[in-house]
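**Q** Put chain V on the given structure of chain S with help from the hints.
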Amino acid sequence: MIKKNKRLLFIIAAVLTGAIFSYEKERMMTLKKNDVPKKEKVESHLMRSVASVPAPLHTVSAPENKPSKEWKTNLEKTLKTQGGSEVKDIRIQKLSSFVWKQDNLLLNVESVLIRLDNLKGEETSFKAIVDAQTGKILQTWDQPVFDHVNPRENFGIKLDARHFE
Amino acid sequence: MNRFNGLFSITILMALASCNPTQITGAKSRGDAVIDNNDASLDNKAYIYRDSPSIIAPGQGARVAIADIIDTSSPEIITLNNQLTGNCAVDLSTFFTSTLSECIHSKGVKDSAETITPRQENKTYIFTPDSEAFYETNALFHIQAGTDKFFKKLSFAYQQVHGPFNITKPKSIPEYLPNSELFWFKAIDLSSNGQLFRNSFLTSFALCNKDKNASFSPAGVELCFGFHSSFPGLLFVQDPSVIYHELAHALVSVMMNMRNGTAVSSHPFRSNLGSFGYEEAGAINEGIADYYSFVMNARTHFGEWALGVTSNQSRPISESDAIHISGVNTTAEGRLSYPQFILYDPNFPDSPLEDVHYAGQIVSHYLVALTQNLQTTCSAAMGESAHDTSTSYVLLLLSETLSEIGDLNSFYDPNVPSYYFNNLNTDASFLWTQVVNQTSYRRFFQIFAKNIRNYITSNLCPAFTKSISEKLLDDYGLLLFKTYNNNGHTTTDRNNILNDIDPFIPVQPLTAVTESNRRKSVLIAKDLLDLAPNVTAANSTISFFIIDNGTDIQNLLKELLFKGFPVPISTTASFEYNNNNVRISPGEIVALIPNLFNSSNSTMAGVQLLANDWDHVHVTDTSTGNFKPCVVDTVTTVDQGAVANGSETCSTAVPLNEHTRLVKSGGVFPAEAVAPVCLVELEEGTSTRWVSQSEFRKKSGLSLLDKDCLGYVSSSTTVDDPDFNFNPHECLARFLPGANDAFFSKIDSRKTYFDSVVKDSENKQFNVGNLLLMEVSKWIPPGTKFRCRLRARFANCSDCHADSGNSNDDFLDYELNGSKPFKVINFDFDVND
Numbered sequence: 011m012i013k014k015n016k017r018l019l020f021i022i023a024a025v026l027t028g029a030i031f032s033y034e035k036e037r038m039m040t041l042k043k044n045d046v047p048k049k050e051k052v053e054s055h056l057m058r059s060v061a062s063v064p065a066p067l068h069t070v071s072a073p074e075n076k077p078s079k080e081w082k083t084n085l086e087k088t089l090k091t092q093g094g095s096e097v098k099d100i101r102i103q104k105l106s107s108f109v110w111k112q113d114n115l116l117l118n119v120e121s122v123l124i125r126l127d128n129l130k131g132e133e134t135s136f137k138a139i140v141d142a143q144t145g146k147i148l149q150t151w152d153q154p155v156f157d158h159v160n161p162r163e164n165f166g167i168k169l170d171a172r173h174f175e
Numbered sequence: 097m098n099r100f101n102g103l104f105s106i107t108i109l110m111a112l113a114s115c116n117p118t119q120i121t122g123a124k125s126r127g128d129a130v131i132d133n134n135d136a137s138l139d140n141k142a143y144i145y146r147d148s149p150s151i152i153a154p155g156q157g158a159r160v161a162i163a164d165i166i167d168t169s170s171p172e173i174i175t176l177n178n179q180l181t182g183n184c185a186v187d188l189s190t191f192f193t194s195t196l197s198e199c200i201h202s203k204g205v206k207d208s209a210e211t212i213t214p215r216q217e218n219k220t221y222i223f224t225p226d227s228e229a230f231y232e233t234n235a236l237f238h239i240q241a242g243t244d245k246f247f248k249k250l251s252f253a254y255q256q257v258h259g260p261f262n263i264t265k266p267k268s269i270p271e272y273l274p275n276s277e278l279f280w281f282k283a284i285d286l287s288s289n290g291q292l293f294r295n296s297f298l299t300s301f302a303l304c305n306k307d308k309n310a311s312f313s314p315a316g317v318e319l320c321f322g323f324h325s326s327f328p329g330l331l332f333v334q335d336p337s338v339i340y341h342e343l344a345h346a347l348v349s350v351m352m353n354m355r356n357g358t359a360v361s362s363h364p365f366r367s368n369l370g371s372f373g374y375e376e377a378g379a380i381n382e383g384i385a386d387y388y389s390f391v392m393n394a395r396t397h398f399g400e401w402a403l404g405v406t407s408n409q410s411r412p413i414s415e416s417d418a419i420h421i422s423g424v425n426t427t428a429e430g431r432l433s434y435p436q437f438i439l440y441d442p443n444f445p446d447s448p449l450e451d452v453h454y455a456g457q458i459v460s461h462y463l464v465a466l467t468q469n470l471q472t473t474c475s476a477a478m479g480e481s482a483h484d485t486s487t488s489y490v491l492l493l494l495s496e497t498l499s500e501i502g503d504l505n506s507f508y509d510p511n512v513p514s515y516y517f518n519n520l521n522t523d524a525s526f527l528w529t530q531v532v533n534q535t536s537y538r539r540f541f542q543i544f545a546k547n548i549r550n551y552i553t554s555n556l557c558p559a560f561t562k563s564i565s566e567k568l569l570d571d572y573g574l575l576l577f578k579t580y581n582n583n584g585h586t587t588t589d590r591n592n593i594l595n596d597i598d599p600f601i602p603v604q605p606l607t608a609v610t611e612s613n614r615r616k617s618v619l620i621a622k623d624l625l626d627l628a629p630n631v632t633a634a635n636s637t638i639s640f641f642i643i644d645n646g647t648d649i650q651n652l653l654k655e656l657l658f659k660g661f662p663v664p665i666s667t668t669a670s671f672e673y674n675n676n677n678v679r680i681s682p683g684e685i686v687a688l689i690p691n692l693f694n695s696s697n698s699t700m701a702g703v704q705l706l707a708n709d710w711d712h713v714h715v716t717d718t719s720t721g722n723f724k725p726c727v728v729d730t731v732t733t734v735d736q737g738a739v740a741n742g743s744e745t746c747s748t749a750v751p752l753n754e755h756t757r758l759v760k761s762g763g764v765f766p767a768e769a770v771a772p773v774c775l776v777e778l779e780e781g782t783s784t785r786w787v788s789q790s791e792f793r794k795k796s797g798l799s800l801l802d803k804d805c806l807g808y809v810s811s812s813t814t815v816d817d818p819d820f821n822f823n824p825h826e827c828l829a830r831f832l833p834g835a836n837d838a839f840f841s842k843i844d845s846r847k848t849y850f851d852s853v854v855k856d857s858e859n860k861q862f863n864v865g866n867l868l869l870m871e872v873s874k875w876i877p878p879g880t881k882f883r884c885r886l887r888a889r890f891a892n893c894s895d896c897h898a899d900s901g902n903s904n905d906d907f908l909d910y911e912l913n914g915s916k917p918f919k920v921i922n923f924d925f926d927v928n929d
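Residue numbers (my numbering), protein chains in the order written: chain S, 11 to 175; chain V, 97 to 929.
Hints were generated in silico from the structure; no laboratory data involved.
Where hints are given, some of them may not hold.
[Unchecked claim] Taking CB as the label site, the calculated pair distances span:
#1 V:V603 to S:K98: 47 to 53 Å
#2 S:K168 to V:A394: 41 to 47 Å
#3 V:G762 to S:N160: 17 to 23 Å
#4 S:N160 to V:G901: 46 to 52 Å
#5 S:N160 to V:A767: 26 to 32 Å
#6 S:K168 to V:S845: 25 to 31 Å
#7 V:D717 to S:K87: 44 to 50 Å
#8 V:Q156 to S:K87: 36 to 42 Å
#9 V:N697 to S:N160: 49 to 55 Å
#10 V:S169 to S:K87: 43 to 49 Å
#11 S:K104 to V:E271: 42 to 48 Å
Model, not experiment: these values are computed from the prediction.
Ideal placement from N, C-alpha and C gives every residue a C-beta, glycine not left out.
Excised from the complex, chain S in its bound form (with noise of 0.2 Å):
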C-alpha cells in the first residue's frame, strides 16, 4: 500500500515537474521573442539605446577604438605623480578596448589591470577604464581588501590641534 501511494506521488510530482518545466521553457521562449511590455516608460529606454545617442567626433572618426600613443604614458605618468618616490614599479596591461556610454556621451576607453609595487616590495592592484586617448582615468574598481594583523596600526590623519585654537 505503501509502496502504491509512493508510486502515486511520485507520478504526480513528475507530471508536475514536468507542467512546470514546459511553462517556464515556454515563457522564456515567448520573451526572447523579444516580448516588452507594453508600458511607455519601457519603450522611452529602449529609444535612449546607446546607438540612438548623439556621439562626439572621435567616436565617429573611431568607430573602432584607435587608442592614442600616449594613454599609456599619461597612465603612467599619472600614477607616479600620486604615488612619488615610494613607487617602484608600475604594470599597466591592457584587458580590452570598447566605447563606454556615460552621459550621453561615447568615450572610446581602455579597460586596464594596474599593478603597483611600493618601496617595500608590497604589491597592490586594481581594474580602471581610461580615457584612450589621454589616458584619464574615469573609473577604477576592484580593489583589494586587506586585512591588517591589528586594525590600531593601520593608516590614520592626527588631529591639528590648531583647528581649536
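**A** Leaving out everything else, chain V in the frame of chain S:
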C-alpha cells in the same frame, strides 16, 4: 608494508622538526620528498594541519612547531591534478554539473617565476614540513575545502530559488548562472581581444611578502597570506581560519557579481562590497568573512593564531564566547547590537576604534545567532547535520542578498534589458552600488530580511516566522527599515512592476514591519543631523576640519594609491602649494572632515556624506551649461540667485530620472543634468548671486580656458585633443573623483562626530573613510567665496529611506538624484591667500 615505511620516514622527520619551534625567515626550501616508498595508497595525498596551532596545541603561545600539529593519522587527497591546482564543480542543475578545471592555483612566494609545484615523482604531495611546497599544499587543501563547501551550498541555493516552490517569487541569483559561469571568476570576452577578468582562476600565495597582512585582490584574482615580522616563523597561512576568512572575501566577490554577465555579454565593471577606510559595506564584508570561518570549522572564534597570538586581535563570532565583556550574552538584551557595539574591540573594550573588523562583529554575531536559531526552530528540517543544513540556509540568503546588492546590469531579465529594477540603470549602476546608494546595514539587512521571508518563512522553515525574524534582527538593532521594499517596482516608476515582464510573479503588496517588534532599533529624523556650529571658544566645536599640511596630504595620496585608489590630481593644483594654515588656499589639495552634530536623543549611525554631482540646479543656457541653483533649503534663497523650489524647472521632489552629468555632448549641454556640488559667488554691482564655476570664470574676468581648468586632461602630443569627459562647472574647486564621499560610524546623542569617536580614541586619528579630498585651482583670486551643497543620510534614519508619502515604501532609485532622501549640508568657504 611500504606504507609503513613511508609513515616511519615521516615520523622521524616530524620528530626532528619538532625539536625546535619553527623559525621561518624569508625564503624557504622547496621541500623535497619525505617518503621513500608509496604503494599507491598515498597517491595525490598529503598530511595536513586541520586547524591552527592555537587550537591543536593550546596554551603555548607562538612556541608551537608546525610539524607537531600535522595530522599524520589520516592523509588527505590534495588534488587529482598533476600539480597544485584545484577544480571547481557545482551542481546548478539536476541534470548536469558545471565544472571549471584548475580554477584554483596554489603558489608560495610571489615572484616573477610563479611556478606551480608539480606532484612529486612518488605521486604524493607530501613535502618537508615548513617548506614552501608544504604550505602551498596546505593552503590548497583548505581553499579547496572552503570552495567545495561553498559550491555545495550554492547548489542548494540555486535549486531552491529556481525550484518549483519559488516560481512566483522574484529572485536574484540568475537562472542563467550555469551558462554565464559567474559562480566563479570566469574570464569573459568583452570583445575580440579583451576579457573581464585577467584570469579565470583564483591564485593563492601562501608565502606572500606582506608584513602583518593577509588580503584578497579581485583584480588578480589572488589570495595573499603574509607574515608577522615580530614573530619569525609565524605565518598567516598556518591559521586555517584566516584562509577561510580571506577565501570568503573572494566568495563575497563572486556572489556580488553573479548578475553581472550572461553567457554572451557582461557589464564592464564589477561590484565590490566595501572600499578603503571605514564604511558599513566593508564591515558587512568582514562580518561575512568571519562567519565563513564558523561555517567551515563550527567554532565561534576566529584568528586565534595569526591575530590572537601576535596582537591580541582574534575575534569572537558569538556572544557565548568568553572573551566578551560582562553584559554581552545570548539573551535578547545581551546581543551585540547596532549601533552600541560598532566600535567595540572585545580584546580592548576600553579603547573603542572605528574599524570595519570591529563593526563587522555585529554582522557575524547576527549570522551565527540566526544559524543557531534556525537549528532550534527548524529542527525537523535539519537532517543529519544541523550545522551543515542551517549554514546552507544562511548561504542561500547571503547569495540572494549580495547578488541583488551588486547587480550592475539593473535588469531583471536579460531578454528585457531596458526595464530596470535595481541600482537605477545599467549606466549609473556602478555609481549607485558603490557611492550613492552604497551598502549600509539598513540596505543589506532589509534585503536579507526580505529573503528570509521569501525562502525560509514561506518555504524551508515556516516555524521561523516573520515575527521571529524581525525580533532577532531587532535584538541586534538591525530592524532599521519600515517595509520590506518588496513590491517589485522599477527604479523610476512605482506603476511599472515585475509582473509586467514576468507573469509568474504576481503583484506584490508592500509588506510592513510589525512595529511592536521594533524595541531596540531606533530611527531618527534626518533634520536632527547638521554641521556642528563653528565656535572657537573653550569647549569649542568646529564645523569642518581642514587638513592642508603638504606632507600629510602627500602621505594620504600615497596611502590611497597603494590601497588601489588613484586620485586624478589636476595640473593646476598640487600638494606643493599646500601652506599648512588650516584654511583653503589657491592651488592646494586639502582633506576636509565635516564635523557633524546629532541633536537627537539617540545615537545616529552609518552616516554617509556625498559630494558627488546631483540634481540641484536649473540649466539656463544649453550652449554654456550655465545654471541657477534650485532652492533646496533655507540657506540658498531666491534673493541669492536661486530658483524657487516647486517651479517646473526646479522641482526637488521630482529629480532627474537618469544620472547625466553637465558635460557637453554633440556641441551642447543637456537641458537637465546633475551638477557639481560647489557653487561660487559672483558679484554684479551691488548684488551677489551663486553661479556655476564656468559662468564665474567668464564673468569675473578670469581668462581661463578649458585646458586651464581642474579636471581637464589632454594627450601630450595633441594639445587640442578635447577631453570629452571634462566638466567646466568644476573648473575652480572640486571634490576629487574617488574621494568625494565620506563615512562616519556613529554620532552619539547631542554630540559631534569628533566628540563621539575621535576625541577619546587611543591615537586621536581620523579614519581615511572620514575624508573628502578637494582640489583648488591655483588661478582662483583670493577672497572668492564658495558654497558646496553636500548631502547626508544615515542608516538608522526614519525619513532618508522610507517615503512617508508612499506608505513608507523606499524612495525610488532615481530620487537619490535629488535632495528629498537627504539632509543638505552646506559647506561655505573663502579662498584664503
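**Q** Taking the hints in turn, state whether each one holds.
**A** Against the structure, the hints:
1. V:V603 to S:K98: 47 to 53 Å: Because 59 Å falls outside the window, the suggested range is violated.
2. S:K168 to V:A394: 41 to 47 Å: 42 Å, holds
3. V:G762 to S:N160: 17 to 23 Å: 54 Å, violated
4. S:N160 to V:G901: 46 to 52 Å: 48 Å, holds
5. S:N160 to V:A767: 26 to 32 Å: Violated, since S:N160 and V:A767 (Cβ atoms, about 53 Å apart) do not stay within the stated range.
6. S:K168 to V:S845: 25 to 31 Å: 27 Å, holds
7. V:D717 to S:K87: 44 to 50 Å: 36 Å, violated
8. V:Q156 to S:K87: 36 to 42 Å: Cβ of V:Q156 to Cβ of S:K87: about 52 Å, so the range 36 to 42 Å is violated.
9. V:N697 to S:N160: 49 to 55 Å: 35 Å, violated
10. V:S169 to S:K87: 43 to 49 Å: 59 Å, violated
11. S:K104 to V:E271: 42 to 48 Å: 33 Å, violated
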